[in-house]
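K.L.:
Please model the complete structure; the sequences and the hints are all you need to start from.
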Amino acid sequence: MVRVLLGVLLLLTNGGSVNFFSLKQDVEIGSESAKEAEESLSLRKDSNLDIYFRAVGQRLVQDHSLPALRYRFRIVNSKEVNSLGFPGGAIYIYRGMLQVASSDDELAAVLAHEIGHVASRHGTAQLTRQLIVQAPIAIAAGLTATEAWKEQLSKLGISLGIDAPFLRYSRDQELEASLLAVRLMAEARFDPNAFRTLLEKVNEAGTGETPRASAFVFNHPQSETVAPEIAEEIEHVTTTLRRPRVSAEFRAFQTGLQRLTYPAAKAAATDPPPDSISKIFTHPQDFYRLGYPDGWVVTSTGSNGAIIAPVDGVQSSRNGDDVTLGVMFDLFDTAVPDRSLTLEQATNRLIVYLRQRNQSLRIIPGAQTQMLVSDEPGVRTVMIGKDDSGTSSEVVWVVTRSYYQNLFYMVFVAPEDEFAMDQPVFEQMIRSVRLR
Numbered sequence: 170m171v172r173v174l175l176g177v178l179l180l181l182t183n184g185g186s187v188n189f190f191s192l193k194q195d196v197e198i199g200s201e202s203a204k205e206a207e208e209s210l211s212l213r214k215d216s217n218l219d220i221y222f223r224a225v226g227q228r229l230v231q232d233h234s235l236p237a238l239r240y241r242f243r244i245v246n247s248k249e250v251n252s253l254g255f256p257g258g259a260i261y262i263y264r265g266m267l268q269v270a271s272s273d274d275e276l277a278a279v280l281a282h283e284i285g286h287v288a289s290r291h292g293t294a295q296l297t298r299q300l301i302v303q304a305p306i307a308i309a310a311g312l313t314a315t316e317a318w319k320e321q322l323s324k325l326g327i328s329l330g331i332d333a334p335f336l337r338y339s340r341d342q343e344l345e346a347s348l349l350a351v352r353l354m355a356e357a358r359f360d361p362n363a364f365r366t367l368l369e370k371v372n373e374a375g376t377g378e379t380p381r382a383s384a385f386v387f388n389h390p391q392s393e394t395v396a397p398e399i400a401e402e403i404e405h406v407t408t409t410l411r412r413p414r415v416s417a418e419f420r421a422f423q424t425g426l427q428r429l430t431y432p433a434a435k436a437a438a439t440d441p442p443p444d445s446i447s448k449i450f451t452h453p454q455d456f457y458r459l460g461y462p463d464g465w466v467v468t469s470t471g472s473n474g475a476i477i478a479p480v481d482g483v484q485s486s487r488n489g490d491d492v493t494l495g496v497m498f499d500l501f502d503t504a505v506p507d508r509s510l511t512l513e514q515a516t517n518r519l520i521v522y523l524r525q526r527n528q529s530l531r532i533i534p535g536a537q538t539q540m541l542v543s544d545e546p547g548v549r550t551v552m553i554g555k556d557d558s559g560t561s562s563e564v565v566w567v568v569t570r571s572y573y574q575n576l577f578y579m580v581f582v583a584p585e586d587e588f589a590m591d592q593p594v595f596e597q598m599i600r601s602v603r604l605r
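Heads up: the sequence shown begins at 170 in the numbering used here, then just goes up one per residue.
Worth double-checking, as some hints may not be accurate.
Said to hold, decoys possible - DSS-like mimics (lysine-lysine), calculated; alpha carbons at most 30 Å apart, straight line:
1. Lys204 <-> Lys214
2. Lys248 <-> Lys193
3. Lys248 <-> Lys204
4. Lys204 <-> Lys319
5. Lys248 <-> Lys370
6. Lys204 <-> Lys193
7. Lys193 <-> Lys214
8. Lys248 <-> Lys555
9. Lys193 <-> Lys319
10. Lys214 <-> Lys448
It should be emphasised that the hints constitute simulated quantities derived from the structure, not laboratory data.
P.N.:
See the structure below:
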């Protein structure tokens, strides 16, 4: 069994793909994820819109080479340019993404891309990568062949719903889904060239001062231009030259979308209850402030940073103070001559810096999710490593957010077997952050 597991790890290291989940479990995991997602998504039921929208989707999934899944297509009433495709076939397309499309063919491209991820089972493949790193013994014992997968995911802090980390795909998966999407469009008699034009529009929506497609671009990493493999496939499957089709049904669909009213904005999240987060740390120059539990001790680490932890949560080591339970936070200089870094690039530089102090730290594949930090886009990266003694495993959350020419970051640490108990406090501390 150890030899098998080592072979799997080698396969992943070399860029291969493996999936420990069955197609039946894809359906189960996707069903649970969709149920959680719909608690936070604003879904608008409109029979006139749904009939056309679902008809386009169903036309794309008639290909008999696709896995036997029941695809379900829903519209999310949000300005965001985004889409979600859960394992098993539940697909959600945001209104902002639908309004980027200017023809039947571009709308088909939106749906075909998510179908490509679902049909290729990329979600559970990403989930497998996470479990291999976080729970190799459980997997070797046949975890995914049992009914315990949901309990195990919860224990490991792997969320479902719209923040599921397994919805962030690799570049190889993105390419695979795109190639399949182009083929599905051609076989359903949509113009494959629309995939190219749709991608260009999404990239435009993801740039600028107020990007509307940040979540999609983050979860679907791709180049700014169509990859050569995709361009070649489009040329291969395109048999005749034709103009993009704008049917009467498509025009009626877009008119119906325009008439929808957006849901009322939700009230801003309130501060955590005083019985859990009762103290406030304020930066000396009021750059930022955050809440923390009563009984935790603040230790300054410089002009911009500090460690906040229980009395026994910090130990002296050869590298200085070693946090075994608690959080350290600071501003990280990301200035690079003649260019600015994206949040993801700056986060990667920070992680390199952190690994210089603890080389056992490694990123959980796929466990990087977007989140709001003081009402602005941030990133949470999940890592695992050994404490300074090298005897115990610990889970590390690295939470980052751009802050002028710097990166505001928080590093949460807890022993692996205790992390589930400390996670709610960490989440409340993240929600409490306010940057000036």
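K.L.:
Which numbered hints does this structure break?
P.N.:
The structure conflicts with hints 2, 8, 10, although it agrees with all the remaining ones.
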